[in-house]
Amino acid sequence: MGALGFILNAEEGERSWRLAEYVKRGGYSALKKIIDENIPPENIVAELKKSSLRGRGGAGFPTGLKWSFMPRQFPGAKYVVCNSDEGEPGTFKDRDILRWNPHMVIEGMIIAGYAMGCARGYNYIHGEIWEIYKRFEEALEEARAAKLLGPNILGSDFSFELQAHHGYGAYICGEETALLESIEGKKGQPRFKPPFPASFGLYGKPTTINNTETFASVPYIINQGGEKFLELGKPNNGGTKLFSVSGHVNRPGNFEVPMGTPFRDLLEMAGGMRSGRKLKGVIPGGSSSPVLPADVIMECTLDYDSIAKAGSMLGSGAVIVMDETTCMVRALERLSYFYFEESCGQCTPCREGTGWLYRVVHRIEHGEGRPEDLDLLNSVTENIMGRTICALGDAASMPVRGFLKHFGAEFEYHIQNKKCLVPEDVQRAGSGFFKAA
Amino acid sequence: MLEIEIDGKKTEVSDGATVMDAAHQLGIFVPHFCYHKKLSIAANCRMCLVQVEKAPKPLPACATPVTNGMKVFTHSEAAVKAQKGVMEFLLINHPLDCPICDQGGECQLQDLSVGYGQSAARYQEEKRVVVNKNLGPLIATDMTRCIHCTRCVRFTQEIAGWQEMGQAFRGEHAEIMPFIEKTVDSELSGNVIDLCPVGALTSKPFRFAARTWELSRRKSVSPHDGLGANLIVQVKHDRVLRVLPLENEDVNECWLSDKDRFSYEALNSKARLTKPMLKQCGEWREVDWQTALEFIGTDLKRVVREHGTASFGALASPHSTLEELHLLQKFVRGAGSENIDCRLRQTDFSLDGKGITPWLGMPVAEIPMLDRVLVVGSFLRKDHPLLAQRLRQAAKKFTRVSLLHVADDDQLINLHAKSIVAPSALAMELAGIVKAVAEIKGVTVDAALAGVQPTAAAKAIAESLASGEKGAVFLGNFAQQHVQSATLHALAQKLADLTGARFGYLGEAANSVGGYVAKAVPGTSGLNAARMLAAPCRAYFVLHAEPELDCANPQQALTALKGADLVVAMTPFKTRALDYAHVILPIAPFTETSGSFINTEGRVQSFHAVVKPQGETRPAWKVLRVLGNLLGLAGFEQDNSETVRDEALGGMTGSVAERLNNRAEGIAVSLAPTAPALQPKLERVADVPIHFADPLARRAPSLQMTRDAAPPAARMNAATLAKLGLTAGAQVKVSLGGTAVLAVQLDAGVPDGCVRVAAGHELTSGLGPMQGELTVERA
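Chains as they are written, first to last, in this note's numbering: chain A, 1 to 437; chain B, 1 to 779.
No false leads were slipped in.
In silico BS3-like pairs for lysine-lysine, Cα to Cα no more than 27 Å straight-line: (1) K270/B - K612/B; (2) K397/B - K186/A; (3) K193/A - K54/B; (4) K37/B - K186/A; (5) K187/A - K397/B; (6) K193/A - K81/B; (7) K405/A - K57/B; (8) K57/B - K193/A; (9) K38/B - K186/A; (10) K187/A - K127/B; (11) K182/B - K186/A; (12) K205/A - K37/B; (13) K54/B - K309/A.
If you want a taste of the chain A side facing chain B, the calculated C-beta under 10 Å gives, among others: (14) G188; (15) E341; (16) P349; (17) T354; (18) W356; (19) E372; (20) M385; (21) T388.
Please keep in mind that the hints were generated in silico from the structure rather than gathered at the bench.
Glycine included, each C-beta is placed from N, C-alpha and C at the ideal position.
Work out the full structure: start from the sequences and follow the hints.
Written out as structure tokens, the structure is:
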């Protein structure tokens, strides 16, 4: 964990998730400051805008702007919701934040509630990380006992209640409106937008949904000021960011680095390439972002704008590193299978298209590809992208397009020769799953 | 108003309108599957993607709100590319088994694929196969064909009011299904067949009977409840093979109840009577019409001669046409009698002679504009499925619907307040509401209500009614059949007067209003239905009715008929008239004769015969005309049914609403519990279950397999069960003017001290009156 980090500033083993430890690290001082100084909510939103904090869940939407969308004068209930439903292959940062620093998320959510006039919040936690859900519940109990949560927080007239809600592992529930449906007890299916959650969210009330890491960044911004946060990163890309590095590196894990850090530095922090092999490609922002070949990614810095310029997305910061032993067809087959299985089935292009994509890639991988298949794949993705209710259709299409764009030759080789460009024994040697014969 | 330009055509739409609304306004067709004007927007099929200027990607017309100055292209290259892309996806897993699909020829997917599909498929993989589901006796499934538009799901949720279907599983494995081990049991379920844009949900009774292009489409009117739903009857080789809704926004919108839709099966059933029958020397013989009619003429003359004209009476079903009722009353009166009635289940006739012709009191289409509604004594959802549907939609908006009734059946309406009381307490409870409203309004009440103490439920209903501006009080079938129906009428009228509400009746049958208009009710010297049976006549004409099931007191009816010298049964079916009649005449059901029904709002709806009469069957109006001539009566010269109708309507056309009247002064309110029927120890609650309510529904095989057609039981709540020392499932003998052996069933919705025993069914036809004290003992 990076020394610069403020989110992952706690080390394993020292019971860093306890309230007392968090307070020792300066925790809840931002909340105290707000209460003691009676800071007006609009100042908090202004500070966030200044910080240039962008949503850490993947889309990178400016958080301050999002908070300002909440109707201030709305008479009824309003909600703040934390999206801890990270389920995309390669993503594993939110669970570590909640594992080591749950109070930072709680503090961020309380401040959000204060800033947007919400009296209730929910943290929707992915269903497959049960122990983290339990730890978060314990943290909530601690906060309630310390009067940091509940009625009249710290003796003020501001009250905020926060509940944890665990899902059951559906990827689609990470889509914010599907998440809201799931909290409401319904089947997790995205809603058509507009109306957006800011006007019609949870139980039909104005709702703001942010990623776990986004909320965890809020206390720092309040304590240190938006400008300080912005300075941590680079213009338009404020702060530090967690990157979940996985794949063929020596030291996979979460790394918190300033926005704008060169990719090669991150690779070094992750211990470099395993067995000193050559880097082949990197999926920079979770499995839905297009893969970038080694020469392109090595020139990139880790921020929204640089990665976008290179033709991919920073997304949730899940960096999947692949070395030369990787068969790109097999890699894409695995990804396509994921989206095929996780499509909610609500709207036509995604329900029907993801299965089609998977079957064609599967066929190519198994030596049954046809010359026209590459055009077919591109055409099918074109028919999915931008035609669906939520972004899952795009998420399923972009990796296909990325792999075909940069590694099309490998697919062609597969089709023509009915086998992989990367010899089987090399693949086996490189894979953690196959023992060398 | 917002200005929008679609395909170069400009129009203005109101705020909140979608691009689809605007396209409809301009007459531009945007291809779609999941969109339906009566259902919520799902935007899941993506077929209606259109190009919107300045939008980076195509947007669904059904869900995109119009913004001012918006420019939309529905047939541009980008729009068509998106639409064709969606069509390809829809077809990859669709079986394309059109040649063996019942939807073929009337399939939205088939139609649109002509315009947007490709001639060859690019999808070469295996197609999805989905296991079929059992949705009950009415809806056949071929779920492999499903395109997941969720219209059926949204229909059950939003229109039928009870989600019976859903989409289970995810992605490509997603399946539309009912709840596990459940069928679709709504009384409106058949509408999902019309809604399904493909052949996934089709009609089970119609399955494989014909191709749609072989069928003629003929307009007709439903002969069942008081709404008079408009029908398209589909016909092949002079057989009715299917019934569909004819859209009429003012009546049935685009819906039909299952009874309207599937009762046609009875028309082709073996129970049809196709030749006149005559009982001679105790033996039934098929005879020709001449013989049958001459026999009737001679015998009727003999009875009248021997016993006087007052010994002749006629009982008509309120499901008969206006023309039939008109000629029947003309015939009876021509024969010198005033004994005619079509109100067979009514028991309290004290309103007769006060100029009341019960009707809805307002147009059906204005129901959604009411802000307060009280329904008194109605098994609303089963008695009036589509009127209940209107109230259900209204209750979702600003209408507060309250119910005062004798059974707590789930109406699937978001009721504002309700009061469930025993039948004997119904009038008192309504009086309580009147009194509570009077107190709120600061008005003094009649002396009759002086001692009434409103219950909490009555006060809640009163508060709701008193606070509204456009209210209505409706009396349901049960209130009309109640032994105190005149008192209920007086109280409801009072309530309406106090609150400025409209006041009306939910008409029991397709032609309940028509019966009054045709004067098929007794004159001052005549006997009403109850008196005709209590003090038996010597000769009876029975039109379309099955008195052993359709009368308020089946046992009394049967005794009266069995003791008569002449019973002429005019019916399309071989009924139990074989036990008591002397002549049975096969008359045409509504599909085989022209005629008219006047619905509960006074709308005259005429229809033609859609098929030729089966066998020797003849339209009843013609039969009555010939009989009139045979007896030498004047005024039976009509050449066609239109002449008969015009004569019956006395020059009115379209609507007779202005001639109808629900209000009368000086009706006695009698709350004193004097009659024995009003102070019973254990009393009967009798409903007429939806599929037992008329001869047609009773003989429709598929309807008789539904859950709504479960055999009647002795239903009571746990307290009553305990008091009687009974357990659910036990067989009991129920006695009330006769006996019936029934299974005991637990029903928490039955009031204390009551046993719910349905009427209109063979199993309970051994019982006497629908209301009164009954005894229950172990069988």
